[in-house]
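Trainee: Sequence:
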Amino acid sequence: MQHSNGLAQHRLERAKEHFQSAKELFANNHFLDSVSRSYYAVFTAARAVLATVDKDSAKHSGVISLFDQHFVKTGKISSDASKIIHEAKEYREKADYADYPEITKEIAGSELVKTERFIQEVERYIEKLDIAGHKKGDV
2 MQHSNGLAQH RLERAKEHFQ SAKELFANNH FLDSVSRSYY AVFTAARAVL
52 ATVDKDSAKH SGVISLFDQH FVKTGKISSD ASKIIHEAKE YREKADYADY
102 PEITKEIAGS ELVKTERFIQ EVERYIEKLD IAGHKKGDV
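Numbers in our numbering are just positions in the sequence shown, counted from 1, shifted up by 1.
Treat the hints as calculated values from the structure; they're not laboratory data.
Ideal Cβ positions, reconstructed from N, Cα and C, are used throughout, including at glycine.
Just to be clear, a hint being listed does not mean it is correct.
[Said to hold, decoys possible] With a Cα cut of at most 30 Å, we get these calculated DSSO-like pairs of lysine-lysine:
hint, residue 1, residue 2
1, Lys129, Lys95
2, Lys106, Lys56
3, Lys56, Lys115
4, Lys129, Lys60
5, Lys17, Lys106
[To be verified] Label-pair ranges, simulated between beta-carbon atoms:
hint, residue 1, residue 2, range
6, Arg15, Glu91, 20 to 28 Å
7, Ser58, Asn29, 28 to 36 Å
8, Asp100, Ser79, 28 to 36 Å
9, Lys129, Asn29, 30 to 38 Å
10, His11, Lys106, 29 to 37 Å
11, Gly7, Asp97, 28 to 36 Å
12, Ala28, Glu91, 21 to 29 Å
13, Gly76, Asp100, 38 to 46 Å
14, Glu14, Val54, 13 to 21 Å
15, Ser58, Asp81, 20 to 28 Å
16, Lys74, Asn29, 19 to 27 Å
17, Lys77, Asp100, 33 to 41 Å
18, Glu18, Lys77, 18 to 26 Å
Please model the entire structure based on the sequences and the hints provided.
Mentor: Below is the structure:
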């Protein structure tokens with residue numbers, strides 16, 4: 002696996018693209034797809050921060066577990082972020098797989114707000130690493 006803050010930055014940019022898509026879908030009243038894209042924004046941001054410690058998983062549950070283990074339980078990232086990613090995964094699964102998902106405009110809007118908070122927290126953490134001397138491309 003490629004490990005660097007460069008990879009972290011790349012994944013963070015992808016997370017922001019997913020978030021932008023989620024906002025556009027929400028604006029067009031596509032709430033199920035908005036919730037799904039919100040989740041992928043959070044998931045990709047989690048993978049971004051995992052790149053800073055050379056960790057990743059092929060499974061979504063693995064990424065979330067590693068995120069909790071290496072960042073939430075150690076206090077580097079807030080427990081609120083853990084709640085956000087777990088809830089986003091549940092909503093994404095309902096939106097994508099349930100026959101009659103109950104994803105309202107309010108739920109989709111709330112997920113957008115939480116997604117933005119998650120991305121901002123991850124971005125602040127990665128920026129702190131850069132300030133501390135772990136510049137892009139360092140291993």
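Trainee: Now tell me, hint by hint, if it's right for this structure.
Mentor: We went through each hint and held it up to the structure:
no. : hint                       : verdict
1   : Lys129 - Lys95             : 35 Å, violated
2   : Lys106 - Lys56             : 35 Å, violated
3   : Lys56 - Lys115             : 24 Å, holds
4   : Lys129 - Lys60             : 28 Å, holds
5   : Lys17 - Lys106             : 21 Å, holds
6   : Arg15 - Glu91: 20 to 28 Å  : 22 Å, holds
7   : Ser58 - Asn29: 28 to 36 Å  : 32 Å, holds
8   : Asp100 - Ser79: 28 to 36 Å : 35 Å, holds
9   : Lys129 - Asn29: 30 to 38 Å : 36 Å, holds
10  : His11 - Lys106: 29 to 37 Å : 32 Å, holds
11  : Gly7 - Asp97: 28 to 36 Å   : 31 Å, holds
12  : Ala28 - Glu91: 21 to 29 Å  : 24 Å, holds
13  : Gly76 - Asp100: 38 to 46 Å : 41 Å, holds
14  : Glu14 - Val54: 13 to 21 Å  : 19 Å, holds
15  : Ser58 - Asp81: 20 to 28 Å  : 22 Å, holds
16  : Lys74 - Asn29: 19 to 27 Å  : 38 Å, violated
17  : Lys77 - Asp100: 33 to 41 Å : 39 Å, holds
18  : Glu18 - Lys77: 18 to 26 Å  : 25 Å, holds
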